[in-house]
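Chain order of the listed sequences is U and W. Just so you know, we're using UniProt numbering here: the first sequence kicks off at 1 and counts up by one. Just so you know, we're using UniProt numbering here: the second sequence kicks off at 1 and counts up by one.
One or more hints might be untrue.
[What the hints assert, rightly or not] In the DSS-like style, the derived pairs of lysine-lysine whose C-alpha atoms are separated by at most 27 Å in a straight line are:
| no. | chain 1 | residue 1 | chain 2 | residue 2 |
| --- | --- | --- | --- | --- |
| 1 | U | Lys4 | W | Lys87 |
| 2 | W | Lys116 | U | Lys11 |
| 3 | W | Lys87 | U | Lys409 |
| 4 | U | Lys11 | W | Lys189 |
| 5 | W | Lys189 | U | Lys328 |
| 6 | U | Lys4 | W | Lys141 |
| 7 | U | Lys409 | W | Lys131 |
| 8 | U | Lys409 | W | Lys141 |
| 9 | W | Lys141 | U | Lys19 |
| 10 | U | Lys409 | W | Lys189 |
| 11 | W | Lys22 | U | Lys328 |
| 12 | U | Lys229 | U | Lys217 |
| 13 | W | Lys76 | U | Lys406 |
| 14 | U | Lys110 | U | Lys246 |
| 15 | W | Lys131 | W | Lys189 |
| 16 | U | Lys4 | W | Lys74 |
| 17 | U | Lys328 | U | Lys217 |
| 18 | U | Lys4 | W | Lys9 |
| 19 | W | Lys131 | U | Lys328 |
| 20 | W | Lys9 | W | Lys116 |
Derived by calculation from the structure, the hints in this document are not laboratory data.
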Amino acid sequence: MNLKLIIRIAKSLLLARFKQTLIAAVGVTFSISMFITLLSFMAGLNDLLDGLLLNRTPHVRLYNEIKPNINQPIYSQFDTNTTHNFIHSIKSTVSRQEIYNSEAIIQTLKKDQRVLGVAPKIISPVFFNDGAIDITGVVNGIEIQSEGKLFHFNEYVTAGDPADIERLSNSIILGKGLADQLLANLGDVVQVATINGERFPLRVVGFFQSGMQEIDKTQSYASIATVQKLKEKPNNYITDIQIKLKDLAKAPQIAKEYNKLFEIDAVDIQTANATFETGSFVRTLISYAVGVVLLIVAGFGIYNILNMMIYEKMNTIAILKATGFAGKDVQKIFLVIAMSIGFFGGLAGLILGFGLSAIIDQIPFETPSLPSVKTYPVSYNPTYYAIGAVFSLITTFLAGWFPSRKASKVDPVVIIRGK
Amino acid sequence: MSNITLEAKNITKYFHDPTTVKVLMDINFSVNKGDFVAITGKSGCGKSTLLYILSTMDTDYEGELWIDGESMVKRKEPDLARVRNEKIGFVFQFHYLLDEFTVLENVMMPGLKLGKYSAEEVENRAMEKLKMLGIENLALKPSNQISGGEKQRVAIARALINNPQIIMGDEPTGNLDQKNSQIVFEVFKQLAEEFKQTLLIVTHDQSFANRTHRIINMEDGKIIA
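Start from the sequences, fold in the hints, and give me the full structure.
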């Protein structure tokens, strides 16, 4: 009852100074819409840049690292608890890069509830022969279906059909940079030499472009069977198992677990790309800072207008107090005014922000390094809208708090006698 | 005790700005139920100051104030606001209506604040009061579009809405012409005689005071008669 009356009084006061109120609300609208647009755009760019790496990086990668044997013979004689063993000139062992019992590991992983998908891979360094020149490169043996599903491989293939590497034997997809160096066109045959000196002719069935030139200059993709043939290995030979998880954040813990379970090296994405997150974080921080500054400016606008309104409405405040409204009630009236400016201004801001984001989303943005991107990237993450809404209410509440406190302290006697 | 609506005991007040001046000295008096009292005196004798203390709006004084058998000393601001809302009706020299609202809404406002009756009930009562004062035809007009005399009658209707124990007036006719003063006085008189409404009016209009039931005369912060 009381609140209804307070809202009614607030509404009348608001409408009596409609123009000022509107200007204050427009201030909030402007800052909220800028906040939303800025964050959406920035987040879209972040997602795009993150995607360049994250899309193609497994969350956990299982492989055999080349490293010295942990169990040196001397440890069996003198145990490290009682003695110090000094060994000079340890060398890395010629361990097999092959993952032992890979089939069983993959089956186990596929049953794990936390795993989104598994893709086997063979990484094989090779030389591409072009006349007298040898270009060093890498052939990745991949299972095209899981690679496409988990790592969006198909999006980066700019020419040819990615499925061809499995359909046609002895075929390869070259990085665009590599293809340019080899002067290779679709349908051409390139000579690939393994480290052992074996030469293989492979037919080019596609090009891919990752957005990172260094990668495009060295990488190429073929089917697992083709690479096994290339390396003269049996058909259970793979060197890497790539795992995508349902929850990226759990990667370090799961990597440790697999490391123990399968007795194999496991690296998680956070460890492999430690510096990566910093960039996104700083960009997001800057957008938030700008957004908050805009809101604070709008808050000062509201503060000013409420202050003015209180000076104009001294008589009203005095009469309300004389007829039985407590200081608290008067404060609530002005807080309701401030909050409704924040609410409606903020709501309009969210809608306008969404509109601006949608417009940016339509602006063409074409770059040769990102073939899958046609317009400026924009994120429509509802979190930003929620933050914008909460911020607009908090700022207007604070901007309204001080003037409304002043209003609550108005002494009606001074006003009434002073007339 | 039960017959006393308002009682002031030893009320003393100082003004501290620019220098400390004693403006009210040891004021003692009481108002009984149904009294029609006028406080008179020259400008600056402290009669308005006294009224604002009695109205509970000014709390910076020494002494005791009893309204309807309850002490008003050392009570919290929201508590005093409730007392003003429920037990005291005000009529000021200047109308002090809220310009943003219609006449009816102005009258209803303290009633809605009290929250004792539903909005419809308050509206009915407000219309009743306006009818009693003969201005029911103004009910839906914006309050800044009526004449000064009408405004003062609306203010009286507003003062009456919660059936207060006492109505206080600070020069209620001070800003009105002869004709309108007469109308307002007649309203007060009717309230006192027909409805046994307790009234405490501050005025320097001697002819107005002479026609009330009791005159409290003040001079230099003291009651002299």
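- Task: Take a quick look at whether Lys76 (chain W) and Lys406 (chain U) sit within 27 Å of each other, Cα to Cα.
- Result: It holds: about 18 Å lies between the C-alpha atoms, which stays within 27 Å.
- Item | Restraint status (C-alpha distance of Lys409 (chain U) to Lys131 (chain W) at most 27 Å) | The given pair, whose Cα atoms are some 36 Å apart, is violated under the 27 Å limit.
- Message: Next pair to validate is Lys328 (chain U) with Lys217 (chain U); report whether the Cα-Cα distance is within 27 Å.
- Response: violated (71 Å)
- Holds or violated: Lys4 (chain U) to Lys87 (chain W), with C-alpha atoms at most 27 Å apart: With a Cα-Cα distance of about 23 Å, the restraint between Lys4 (chain U) and Lys87 (chain W) holds, given a limit of 27 Å.
- Query: Regarding the pair Lys189 (chain W) and Lys328 (chain U), is the alpha-carbon distance no greater than 27 Å?
  - Reply: Not OK: Lys189 (chain W) and Lys328 (chain U) at ~36 Å, beyond 27 Å, violated.
- Message: Holds or violated: Lys87 (chain W) and Lys409 (chain U), Cα atoms, limit 27 Å.
- Response: holds (22 Å)
- Decide if the proposed pair is consistent with the structure: Lys22 (chain W) and Lys328 (chain U), CA atoms, cutoff 27 Å inclusive. Cα-Cα ~32 Å, so violated.
- Message: For a C-alpha distance cap of 27 Å, please report whether Lys9 (chain W) and Lys116 (chain W) respect it.
- Response: Since the Cα atoms of Lys9 (chain W) and Lys116 (chain W) sit roughly 32 Å apart, the hinted pair is violated (cutoff 27 Å).
- Given hint Lys217 (chain U) paired with Lys229 (chain U) - CA-CA distance at most 27 Å: Holds: Lys229 (chain U) and Lys217 (chain U) sit about 23 Å apart, inside 27 Å.
- Message: Between the alpha carbons of Lys110 (chain U) and Lys246 (chain U), is the straight-line distance 27 Å or under?
- Response: holds (12 Å)
- Pairwise hint evaluation, Lys189 (chain W) against Lys11 (chain U), where the allowed Cα distance is 27 Å at most: violated (38 Å)
- Message: Holds or violated: Lys116 (chain W) and Lys11 (chain U), Cα atoms, limit 27 Å.
- Response: Answer holds: Lys116 (chain W) to Lys11 (chain U) is near 23 Å, not above 27 Å.
Hints 4, 5, 7, 8, 10, 11, 16, 17, 18, 19 and 20 from the list above are not met by this structure, while the remaining hints are.
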